[in-house]
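K.L.:
Given next are the chains, with one letter for each unit.
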Amino acid sequence: MEELVEELKKEIIDVLNLEEVTPDDIDPAAPLFGEGLGLDSIDALELIVLLEKKYGIRLATPSDGKAIFKSVNTIAEYVQKNRKK
Amino acid sequence: MIRVVSTNITSPLGFTTEENYLAVKSGKSSLAVREHPWGIPERVCASLFTDAQWKALSVEGMTGFESLAVRSIREALQRTDMDVSSPRVVLIISSTKGNIEIMADGGEYVSLAESARRIASATGVTTSPVVVCNACISGASAQLLAQRLLEAGRYDKAVVCGADCVGKFVVSGFSSLKALSQEPCRPFDIDRYGLNLGEAAATVIFSREEDGAGAAWALCGGSVRNDAYHISSPSKTAEGCSRAIRAAMEDGERPALVSVHGTATLYNDQMESVALCSTGMENVPAMALKGVYGHTLGAAGILETILSMCSADDGEALPSRGFSSLGVSGRISISGEAQPLRGSSFLKIISGFGGCNAALRFSKSTGGSEGKKELPSVTTAHRVNITQDGVIVDGETLAMQQRGEAMLTELYRSCVGDYPKFHKMDVLSKLAFISSELLLKAEGKTPQETEERAVILFNASSSIVADKLFLSTIEDGNYYPSPSHFVYTLPNISTGEIAIRNGYHGETSFYILPEKSGRQMDDITECAFADGSVRSVICGWIDCPDEEHFESEMCIKTR
Chain G
0 MEELVEELKK
10 EIIDVLNLEE
20 VTPDDIDPAA
30 PLFGEGLGLD
40 SIDALELIVL
50 LEKKYGIRLA
60 TPSDGKAIFK
70 SVNTIAEYVQ
80 KNRKK
Chain R
0 MIRVVSTNIT
10 SPLGFTTEEN
20 YLAVKSGKSS
30 LAVREHPWGI
40 PERVCASLFT
50 DAQWKALSVE
60 GMTGFESLAV
70 RSIREALQRT
80 DMDVSSPRVV
90 LIISSTKGNI
100 EIMADGGEYV
110 SLAESARRIA
120 SATGVTTSPV
130 VVCNACISGA
140 SAQLLAQRLL
150 EAGRYDKAVV
160 CGADCVGKFV
170 VSGFSSLKAL
180 SQEPCRPFDI
190 DRYGLNLGEA
200 AATVIFSREE
210 DGAGAAWALC
220 GGSVRNDAYH
230 ISSPSKTAEG
240 CSRAIRAAME
250 DGERPALVSV
260 HGTATLYNDQ
270 MESVALCSTG
280 MENVPAMALK
290 GVYGHTLGAA
300 GILETILSMC
310 SADDGEALPS
320 RGFSSLGVSG
330 RISISGEAQP
340 LRGSSFLKII
350 SGFGGCNAAL
360 RFSKSTGGSE
370 GKKELPSVTT
380 AHRVNITQDG
390 VIVDGETLAM
400 QQRGEAMLTE
410 LYRSCVGDYP
420 KFHKMDVLSK
430 LAFISSELLL
440 KAEGKTPQET
450 EERAVILFNA
460 SSSIVADKLF
470 LSTIEDGNYY
480 PSPSHFVYTL
490 PNISTGEIAI
500 RNGYHGETSF
510 YILPEKSGRQ
520 MDDITECAFA
530 DGSVRSVICG
540 WIDCPDEEHF
550 ESEMCIKTR
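Respectively, the protein sequence lines represent chains G and R.
For the first sequence, counting from 1, position 81 maps to 80 in numbering that gives the first Met the number 0; every step adds exactly one.
For the second sequence, counting from 1, position 138 maps to 137 in numbering that gives the first Met the number 0; every step adds exactly one.
I should point out that these hints are in silico values taken from the structure, not numbers from a laboratory.
Please note that a few of the clues may not be correct.
Not everything, but these chain R residues come out facing chain G in the computed CB check (under 7 Å) [what the hints assert, rightly or not]:
1. S25
2. A405
3. Y418
4. P419
5. S483
Just so you know, these numbers come straight off a predicted model, no measurement behind them.
Virtual Cβ for every residue (Gly too), placed ideally from N, Cα, C.
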């Protein structure tokens, strides 16, 4: 799980172009949206693409993303349960 | 005031304005559901021309997009006796993506700049054409540009044509933004789940001379305002849309009809309802046409304007197809049935990516030509010139370590540093953003939220670098359309980035020219001062034909 959390941090920095953020800057338990990283609605959509491309998970309804993308930890839990690759 | 002398709508419902109006009035729609078109993994509901219609529309030697525009323009011209070859006639084309679907299909790149030249030549226009590429509001922006150029006496007549085609590129893009409904869309309805795309062309010809006797539709007022909020989400408080409506309605009587954008996305329709209520328009009959044609992109602002004229002439607002029960917070007057209209005037509103919003006010006029409107004299201050090889600010060359895109990042680190969103921008927006930051630094004023500053940019290559990046995410076998790449496939996002950074609620516009022409840019920029709110404009050329080459030449013009 810890490995997956670290992998996700790197992927998030990469796909969201968070140039000035390092994996160590991201607290896996902290909220991803609304504060801290300054992510917005397009970032959320890009995270949906990440889930599909990297882990083969297709979100049936995009609004499900709200609960999944709460923090890096919640994404990791969701990926572990649902990953197809 | 400029008067409408002819119109045309070319859509899957018909190839003339009359055919289209009668089809919509009788309740028809061209929206249809297709399973996995263009190899897209979803079902898609769209309004598309049939193969037989494409065959009928096709003009030899021209792309589908060009043919569509040429057919529509020719049909509109046929109804006038104007000399289209006169140097007093200008061609204004409104399109978001032009020939992009050819590239998505594996074909060659034909730029909008090149298409504009070909369309002008095929329709007999001899002056240099302008392409308005202002996202979804392009069709309204193009009419506003016509009004300004004609009223300033630059030309006597303007042929304004909006057109866009639908295919894998735009469908994948809107799908990546989760903005598409797989069923016919339902504007303003409680059960609305997104928009449908549609292809069409629409043409309106304006004249500033008195053309014949009798009453004609006249474009009496209009404006563009920016939300300065987000590049793809509309302002929750309807900031820009409300400002655009107020500016367009200045000195105008209450319209008989408001022709809304009504894309049927959750956020757009909600935002428009807030704008209409906050400007006292909640009781004016509203008409939404996306349930008939889908969102026809660059054509939408023109197509919906023309049908509003027909509606007002006919004394009833067309039914808003797909609507049944109100699903927005503002209690606007919209109906799935026809609504009686009293009076001959209407307001057209429309909003788009990049935070831009437009409002146009039309009314029936019997008046003849008016004298030309004098524009204020304008002074130019501060100039920034950036190419892949270096940076010059007010004549001084800055010492840079890097070249190319890395140099833009170096400039960001040394001169800005506090706006990490910079790293998310495409190279065109980075270039525009950095150029504007350097200009504002030279200007030395404390930034403040204002409606008095506009941002008007030009180029020849549209958003080709971002287009190619997005194309790389929708290849067969590796199909993961990227929403963040897609939003930058509209060059006007660069104007929105500057507006958001600085809190500019004034006009933001993007134009594509066949070539870099100082005279054409000056004409267009200076006539933007016809909008009484505009005190200054950040403007200029900003082009990025490929990843290695770019050029910005921007300045601040002040009245």
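K.L.:
Each hint needs a verdict: does it hold in this structure or not?
P.N.:
Do the hints match the structure? See the list:
1. Given the 7 Å rule on beta carbons, the hint for S25 of chain R is violated: about 36 Å separates it from the nearest Cβ of chain G.
2. Look at A405 of chain R: its Cβ only gets to about 12 Å from chain G, farther than 7 Å, so that hint breaks.
3. At about 10 Å, the closest approach between the beta carbon of Y418 of chain R and any beta carbon in chain G exceeds 7 Å, and the interface hint on this residue is violated.
4. For the restraint placing P419 of chain R at the interface with chain G, the shortest Cβ-Cβ distance is roughly 5 Å, inside the 7 Å limit, so the hint holds.
5. A cut of 7 Å between beta carbons decides the hint on S483 of chain R: the least distance to chain G is about 5 Å, and the hint holds.
Checked against the numbered hints listed earlier, the structure breaks hints 1, 2 and 3; every other hint is satisfied.
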